[in-house]
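Given the sequences, and given the hints that come with them, work out the whole structure.
Taken in order, these protein sequences are the chains called A and B.
This note's numbering numbers the first residue of the first sequence as -8 and each following residue consecutively.
This note's numbering numbers the first residue of the second sequence as 716 and each following residue consecutively.
Just so you know, these hints were derived from the structure itself, not from any lab.
C-beta atoms are modelled at their ideal positions from N, C-alpha and C, and glycine is treated no differently.
Treat the hints with care, as some may be off.
Pairs of lysine-lysine, DSS-like flavour, derived with a Cα cap of 30 Å [claimed, not checked]:
| # | chain 1 | residue 1 | chain 2 | residue 2 |
| --- | --- | --- | --- | --- |
| 1 | A | LYS215 | A | LYS28 |
| 2 | A | LYS85 | A | LYS295 |
| 3 | A | LYS220 | B | LYS742 |
| 4 | B | LYS758 | B | LYS742 |
| 5 | B | LYS758 | A | LYS256 |
| 6 | A | LYS28 | B | LYS719 |
| 7 | A | LYS156 | B | LYS758 |
| 8 | A | LYS208 | B | LYS761 |
| 9 | A | LYS20 | B | LYS728 |
| 10 | A | LYS256 | B | LYS823 |
| 11 | B | LYS737 | A | LYS256 |
| 12 | B | LYS719 | A | LYS20 |
Far from chain A, by Cβ distances over 10 Å, these chain B residues were calculated [to be verified]:
| # | residue |
| --- | --- |
| 13 | GLU734 |
| 14 | PHE744 |
| 15 | GLY748 |
| 16 | ALA765 |
| 17 | LEU786 |
| 18 | GLY789 |
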Amino acid sequence: MKSLIAQSHSLADPEVQLDIINNQTEKVKRLEKFESKLNDIGLYPLKPTGIEIFQINVGYMCNMTCKHCHVDAGPDREEIMTKETLEYCLEALKHSDIETVDLTGGAPEMNPHFRWFVDEASKLDKHIIVRSNLTILDTRKFEDLPQFMADRGVEITCSLPFYNKRRTDAQRGEGTYDKSMKVLKILNEIGYGKEDTGLELNLVYNPVGAFLPGDQKSLKQQYKDRLWKDHGIVFNDLFTITNLPISRYLNFLVTSGNLDEYMEKLVTSFNPAAAEGVMCRNTISIGWDGTLYDCDFNQMLKMKTEDGSPQHIKDWDLESLNDREIKTNQHCFGCTAGAGSSCGGTTT
Amino acid sequence: MDKKYYDPEDLKKFGDVTEFQKELGDKFFEYYGSVFEEGALTKREKALIALAVAHVIQCPYCIDAYTDETLQEGCSEEQMMEAVHVATAIRGGASLVHGVQMMNKVKKLSM
Ligand code: SF4
Ligand code: SF4
Chain A
-8 MKSLIAQSHS LADPEVQLDI INNQTEKVKR LEKFESKLND IGLYPLKPTG IEIFQINVGY
52 MCNMTCKHCH VDAGPDREEI MTKETLEYCL EALKHSDIET VDLTGGAPEM NPHFRWFVDE
112 ASKLDKHIIV RSNLTILDTR KFEDLPQFMA DRGVEITCSL PFYNKRRTDA QRGEGTYDKS
172 MKVLKILNEI GYGKEDTGLE LNLVYNPVGA FLPGDQKSLK QQYKDRLWKD HGIVFNDLFT
232 ITNLPISRYL NFLVTSGNLD EYMEKLVTSF NPAAAEGVMC RNTISIGWDG TLYDCDFNQM
292 LKMKTEDGSP QHIKDWDLES LNDREIKTNQ HCFGCTAGAG SSCGGTTT
Chain B
716 MDKKYYDPED LKKFGDVTEF QKELGDKFFE YYGSVFEEGA LTKREKALIA LAVAHVIQCP
776 YCIDAYTDET LQEGCSEEQM MEAVHVATAI RGGASLVHGV QMMNKVKKLS M
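Spelled out as C-alpha cells, the structure:
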C-alpha cells in the first residue's frame, strides 16, 4: 500500500480533509461545532495549562503503511528531521524545565540521527519516550536498538491495535502480529515491562474500525490475560486511543460509508471533563521541519501554532507558547469523546 | 405510511418514548442504566449477554447497538460469534427439548 500522497489522492490535502469533516454531508454540516461545545463549558478559546511534554515528530518515513495512519506515513515518505533542527530542539530543552521528550513519526527509529539525539537528550536528564511500531525492531539494521534504549532508560510505548492476529494484521498489514509478539518477547528478555527494572513498556490500543475505544482498565486486563496466556508476554500499561477523523482513517470512514455515523458518535460522546484534559494543553508538537503545532493531529492538518506565537523551534519561547490560543476544528471531537483520548491514553 | 418498519435512525430516538408516558419511560431507562453498570458481572460480560439475547429476540436495533458495544469492550469476532452460538444453542435446544413432550404424547396416543 502507498501513502495517500504517493497516490496523489485528494485526501492527502489537509484543506480537503477539513472540508470533509465540516461539510461533506448534510448531517455532518448540521453537527455542532467544536468551538461552540468548548464555549458552552467556558473553555473557549482553549489555552495551555503549561507545556510539560515536548513531542518531536522526527519524520514521516515508516516501514509500514497502516490503514488508519493519521500521519499518512510510509516507506515512500521522505520528510525527515535534520540534525540541525534536532539541535534546535536540544537547545530549547536545555533552557526549559520540560521533563518529557516524546519521539514519534513515522517510525522515529528511522531518522538517521535518532541514536545521537537520544544520547544527547538523556544527557539532559529528560524522560524519553519512543513511540515504536515494534516491527521496525525486527529488522537487522535496528535489532540492537532495544538494548541501546534500555541502557538509556528510554520508555517504549508501542502500538498493538488488538491482542489478536486477525484485527492487528487487518489494520497494520499481514505479519504484523507475529513480528510484534517476537519483538515484545525480546523486550521482555532485556527487562522491559518487568517489575523493578524501571524499563517501561506500554502498549497502545486503538479501535480497528469505526467504533470508540472501551474502558481502558478493562481492556488492559484483557490484554494482560491474553498476551500472558498466549505468549508469556508482560507489559506495564495500556493506553486506549480514539482514531481521529483525518488522513488515512478519514479515507476509511469515507470509503466505508461510516463518516456520518462516526462524526455523530464523536460529537454526541463529547465529555466536558475529557475536554479539560486534552493533550494539546500540556504538549507541544514539533514537525520534521521544525514548525510548531498544538498537537500531532494539527501538524498533519498543517494547522500551525497561533499567529503571533512562536511557529518554529528556532523561535522557541516557552512563556509566549504557554500563553497562546490552541487551534481547534471538528477533528478535536476525537480527543473529547467518552473518557477522552491522548498519547497517554484516556484523559479522565 | 413509511416504507419500512425498521429505520436505523429510530434507535437514536429510543429515549423519546418518554414523550407519551414519562413516568414509566423514566423508570425503564433508570432500570436499564443500572442493569448495564459494572456489577457482579463486568460491562463486557453484560454486553456479550445482551448481544446474544438481541439475536434471540431478533431485534435489529439491539443487534446494531450491542455489536458496537461489544467491539468497544474489546471483544473479538470469535467471542461475539460464540455468544450468538450460545443463544442459538439455547434457542434450538428449547425447541428440541419440547420434542420430548411430543414423543410422550405420541407414545400415549399410539398403540
Ligand atoms: S500508524 Fe505508525 S506504524 Fe503505521 S504507518 Fe503510521 S506511523 Fe507507521
Ligand atoms: S486534536 Fe489536537 S488540538 Fe484538537 S483537542 Fe486534540 S490535541 Fe487538542
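These are the hints, each one checked on the structure:
| no. | hint | in the structure |
| --- | --- | --- |
| 1 | A:LYS215 / A:LYS28 | violated, 36 Å |
| 2 | A:LYS85 / A:LYS295 | holds, 23 Å |
| 3 | A:LYS220 / B:LYS742 | violated, 43 Å |
| 4 | B:LYS758 / B:LYS742 | holds, 21 Å |
| 5 | B:LYS758 / A:LYS256 | holds, 20 Å |
| 6 | A:LYS28 / B:LYS719 | violated, 35 Å |
| 7 | A:LYS156 / B:LYS758 | holds, 24 Å |
| 8 | A:LYS208 / B:LYS761 | holds, 16 Å |
| 9 | A:LYS20 / B:LYS728 | holds, 20 Å |
| 10 | A:LYS256 / B:LYS823 | violated, 60 Å |
| 11 | B:LYS737 / A:LYS256 | holds, 26 Å |
| 12 | B:LYS719 / A:LYS20 | holds, 26 Å |
| 13 | GLU734 | holds, 19 Å |
| 14 | PHE744 | holds, 16 Å |
| 15 | GLY748 | holds, 16 Å |
| 16 | ALA765 | holds, 14 Å |
| 17 | LEU786 | violated, 5 Å |
| 18 | GLY789 | violated, 5 Å |
Hint check: violations occur at hints 1, 3, 6, 10, 17, 18; the rest are consistent with the structure.
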